[in-house]
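Participant: Going down the list, the sequences are from chains H and U.
Following our numbering from start to finish, the first sequence increments by one per residue and tops out at 542.
Following our numbering from start to finish, the second sequence increments by one per residue and tops out at 542.
Note that these hints are calculated values from the structure, not bench results.
Treat each hint with caution, since some may be false.
Note that the list lumps identical chains together, so a pair holds whenever it fits in one copy or between two copies.
What the hints assert, rightly or not - Here are the simulated lysine to any residue pairs, SDA-like style, with alpha carbons at most 25 Å apart:
hint, residue 1, residue 2
1, Lys-518, His-439
2, Lys-518, Thr-507
3, Lys-518, Glu-442
4, Lys-518, Gly-245
5, Lys-518, Ile-450
6, Lys-518, Val-244
7, Lys-518, Thr-234
8, Lys-518, Arg-508
9, Lys-518, Pro-456
10, Lys-518, Arg-231
11, Lys-518, Arg-230
12, Lys-518, Arg-342
13, Lys-518, Leu-388
14, Lys-518, Glu-451
15, Lys-518, Asp-364
16, Lys-518, Gln-270
17, Lys-518, Arg-454
18, Lys-518, Ser-530
The structure displayed is predicted, hence computed values, not measured ones.
There are 2 protein chains.
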Amino acid sequence: MASEFDLIRRYFTRHADSAVLGVGDDCALLQPRPGMQLAVSSDMLVEGQHFLRGTDPRRLGHKTLAVNLSDLAAMGADARWALLSIALPAADESWIAAFSTGFFSLAQTFGVDLVGGDTTRGPLCLAVTVIGELPGGLALRRDGARAGDDIWVSGSTGEAALGLAHLQGRIRLPDELAARCIDRLEVPQPRLELGGRLRGVASAAIDVSDGLLADLGHVLEASDLGALIELERIPRSGALNSCPDGELAEQCLLAGGDDYELLFAAASSRHDEIVAIGAELGVAVTRIGTAVDGVGKVRVIRADGTTVSPSRTGFDHFSVD
Amino acid sequence: MASEFDLIRRYFTRHADSAVLGVGDDCALLQPRPGMQLAVSSDMLVEGQHFLRGTDPRRLGHKTLAVNLSDLAAMGADARWALLSIALPAADESWIAAFSTGFFSLAQTFGVDLVGGDTTRGPLCLAVTVIGELPGGLALRRDGARAGDDIWVSGSTGEAALGLAHLQGRIRLPDELAARCIDRLEVPQPRLELGGRLRGVASAAIDVSDGLLADLGHVLEASDLGALIELERIPRSGALNSCPDGELAEQCLLAGGDDYELLFAAASSRHDEIVAIGAELGVAVTRIGTAVDGVGKVRVIRADGTTVSPSRTGFDHFSVD
Chain H
222 MASEFDLIRR
232 YFTRHADSAV
242 LGVGDDCALL
252 QPRPGMQLAV
262 SSDMLVEGQH
272 FLRGTDPRRL
282 GHKTLAVNLS
292 DLAAMGADAR
302 WALLSIALPA
312 ADESWIAAFS
322 TGFFSLAQTF
332 GVDLVGGDTT
342 RGPLCLAVTV
352 IGELPGGLAL
362 RRDGARAGDD
372 IWVSGSTGEA
382 ALGLAHLQGR
392 IRLPDELAAR
402 CIDRLEVPQP
412 RLELGGRLRG
422 VASAAIDVSD
432 GLLADLGHVL
442 EASDLGALIE
452 LERIPRSGAL
462 NSCPDGELAE
472 QCLLAGGDDY
482 ELLFAAASSR
492 HDEIVAIGAE
502 LGVAVTRIGT
512 AVDGVGKVRV
522 IRADGTTVSP
532 SRTGFDHFSV
542 D
Chain U
222 MASEFDLIRR
232 YFTRHADSAV
242 LGVGDDCALL
252 QPRPGMQLAV
262 SSDMLVEGQH
272 FLRGTDPRRL
282 GHKTLAVNLS
292 DLAAMGADAR
302 WALLSIALPA
312 ADESWIAAFS
322 TGFFSLAQTF
332 GVDLVGGDTT
342 RGPLCLAVTV
352 IGELPGGLAL
362 RRDGARAGDD
372 IWVSGSTGEA
382 ALGLAHLQGR
392 IRLPDELAAR
402 CIDRLEVPQP
412 RLELGGRLRG
422 VASAAIDVSD
432 GLLADLGHVL
442 EASDLGALIE
452 LERIPRSGAL
462 NSCPDGELAE
472 QCLLAGGDDY
482 ELLFAAASSR
492 HDEIVAIGAE
502 LGVAVTRIGT
512 AVDGVGKVRV
522 IRADGTTVSP
532 SRTGFDHFSV
542 D
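One chain only, chain H, in its complex shape (with noise of 0.2 Å):
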C-alpha cells in the first residue's frame, strides 16, 4: 500500500535520459563524458531566510533550482545532474505538485536530470546538489583574475532586492514595478549559456547571490586585488531608476542578493569578443571597472571622483540587521 511519503516521492521520480541509472535505487549512476571535469555545487533554502513564507511553490520550485545552476554558471559549467533534498511540514500534494512543475520546468529548459534526492518531514528546507561538466583547466574560477583586466557584470542588480523590500512593506512600489522585481527574486533565470561561452575567455567569474559589491569583494579576496569601480556603469534597470526611495535603490543596486547575474573579470583584449557574445545571447554585458592591486579594496566612485560608502556590502545570514 502507498503512504502518502510514496506519493510525495513519485513527483521527483521522472526519467533521467543522461543516467546510468536515476532514482529509485541506494545511489544513481552517472557517466561522465570522457576526459571531462565534475563542477559540483550545493545549496541549502529555508523558509524565512532565503524565501518569504507563503512563496509561490511553483516559483520556489524554479528558484530552488535555479540558484544552484547559477553556481554553474559562474563557474562556466555545463549543466547536468541534479539531487533534491526536500524537507516538508507535511504531505501537501498539492504543493508538492506544483513545486515539481516549477522545478522540472527549469531543468528541462537546460537538460538537467534529476538523478536523486531524499524526502522527510520536517520544518521546510530545500537542499540541491548539482552537477555539472567541463573541459579541464578552463573553469572559470574565483582566484583568476589578475591586475588590469576588465570588471564586467550581466544583465543588471538590485531588482531582487527591491522586489523583497516590497513584499517586506519596507517600500511601496507601483504595481507593474513590483511585479517586474518580484520576478527577479522570485524567478531568477541563471546565466548558464553566458557563463559556458565565457569559458577561455573570462579570467575568473563568480554569480552575484550576496550582492554586487559583496561577490566581488569574493573574487577579489580569492585573486589578491583590489578594484575601481565606476557607479555610473553599474547598470540600472528602469525599476531601479523609477524607485521612489534614490537610497534604497542604490543599497539594492550595490549589495541587494538575489539577482543570480554573473560578475566577471576578462583581459581587456577580450572586451569586444565579451560585447559580441552578449549581443548574440541577448544577454546585457557591461563593464563596470578594473581590477587592480591592493587586496580586497574596492573602491567605488561617482563621475564627479567622490567615493560612494556603502552601509553594507551584501548579506549575511548570521549577521544581525
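Following the hints, put chain U in place on chain H, whose structure we already have.
Facilitator: For chain U alone, kept in the frame of chain H given last:
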C-alpha cells in the same frame, strides 16, 4: 571582518587532496578516474525525525556522513567526495566544532574529501550528498536478484531500533546493553569494504535503513521476486537475545531501522566466496533465506514451519504510528 557565519564555515573548509578545487569557489572541481561511473546519493537528516533533540553533536556528525556512505556501500561504490549543507538555529561554535570532528573523523577513515556545501540559519537540518566511483556494469543494483539466489545480511539488525526504544522510554535496558544499542543507533558503521568486495559477486544489494523486511521488499520489488526467510537464521545479537521484551526484540530484528547493514542477494554458487570475504573483513555475513518467484511476497517462517506475521515492516516518515 569575519562574521559568525564565516567562522562557522571555516570548520568545514579543509584541504581536499582528491579534488582539483575544493571548498571556497562557486563549485568544487573533480576529476573522475578514467572510465569509472559515478554513484551519487543524497540524504537529509532532520531533528526529531532522524535523530533526537540533544543528540551528541560529534556522534551526529559521524552519523550524518555514515548514512550517506552506507548508500555508496549498498551500491558497491568506492567513496570519494561529500558535500554537506547545514541549517542551524544559531551559530553555536562548540556544537559545530564537535559535529565537524565526528564528520571529518569518519571521512578520513574512508578517504572521503568534503568538497562543498552550505551553512545557513534555520531549524536544525543536515543534507549530505556523497559521490563514489565504481567500474561500469558492476554496481550492486536493487533489480539484479534472481529466483534461487541466496539472501544474505551482514552483521546483525535490531540493536539500533532497540537503542531508540530505550532512549524514548519504551523499554528500560540494563546499562551495558543500552550503551551498546545506543552506539549502534548513533555511530553506525557503513559497510564500505564489504560493499566494494561484493562487486561482481552479489547480484543485488541494499542497506538496511528502513528495516530488514522493508528493505528486502525494495530489492524484491525491483527484481520482480518474492523471498522465503527463515526466522531462526536471522542473526540476533546478544543485546536482542537479552532484551526483556521478546516481542519488541523481534520487531526490532525484522523492522527496526537505522542498522546500515548490507542486505544482499547472490547466486548460491557464490556461497563459499561470500563466507570467505566476510571472514577476511571480520564482518559476519549470514544467509537468511532464498529469493523465489512471486512479486514482493516475503514469507518469514519459523523452524516449526509456522509463518511470522510482523505487525510492521519498516519506518515511514510520513506514516502515523
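Participant: All the hints need checking, so say for each whether the structure fits it.
Facilitator: Hint check:
1. Lys-518 x His-439: within (11 Å within a copy, 57 Å between copies)
2. Lys-518 x Thr-507: For Lys-518 and Thr-507, only the intra-copy Cα distance (21 Å) is at most 25 Å; the inter-copy one is 64 Å.
3. Lys-518 x Glu-442: Only inside one copy: Lys-518 and Glu-442 sit 9 Å apart there, 60 Å across copies, limit 25 Å.
4. Lys-518 x Gly-245: Between. Shortest inter-copy distance 19 Å satisfies the 25 Å Cα cut-off; intra-copy 50 Å does not.
5. Lys-518 x Ile-450: Within. Shortest intra-copy distance 11 Å satisfies the 25 Å Cα cut-off; inter-copy 69 Å does not.
6. Lys-518 x Val-244: Between copies only: 23 Å across chains, 47 Å inside a chain, cut-off 25 Å.
7. Lys-518 x Thr-234: between (48 Å within a copy, 24 Å between copies)
8. Lys-518 x Arg-508: within (18 Å within a copy, 66 Å between copies)
9. Lys-518 x Pro-456: within (21 Å within a copy, 65 Å between copies)
10. Lys-518 x Arg-231: Answer is between; shortest inter-copy Cα gap is 22 Å, intra-copy 50 Å.
11. Lys-518 x Arg-230: Answer is between: at 23 Å across copies they meet the 25 Å cutoff, but 48 Å inside does not.
12. Lys-518 x Arg-342: Cα proximity of Lys-518 and Arg-342: none, with 45 Å in one copy and 29 Å across.
13. Lys-518 x Leu-388: Classified as neither; 33 Å inside a copy, 54 Å across copies.
14. Lys-518 x Glu-451: within (14 Å within a copy, 71 Å between copies)
15. Lys-518 x Asp-364: Answer is within: at 15 Å inside a copy they meet the 25 Å cutoff, but 57 Å across does not.
16. Lys-518 x Gln-270: neither (29 Å within a copy, 46 Å between copies)
17. Lys-518 x Arg-454: within (19 Å within a copy, 69 Å between copies)
18. Lys-518 x Ser-530: within (12 Å within a copy, 71 Å between copies)
Hint check: violations occur at hints 12, 13, 16; the rest are consistent with the structure.
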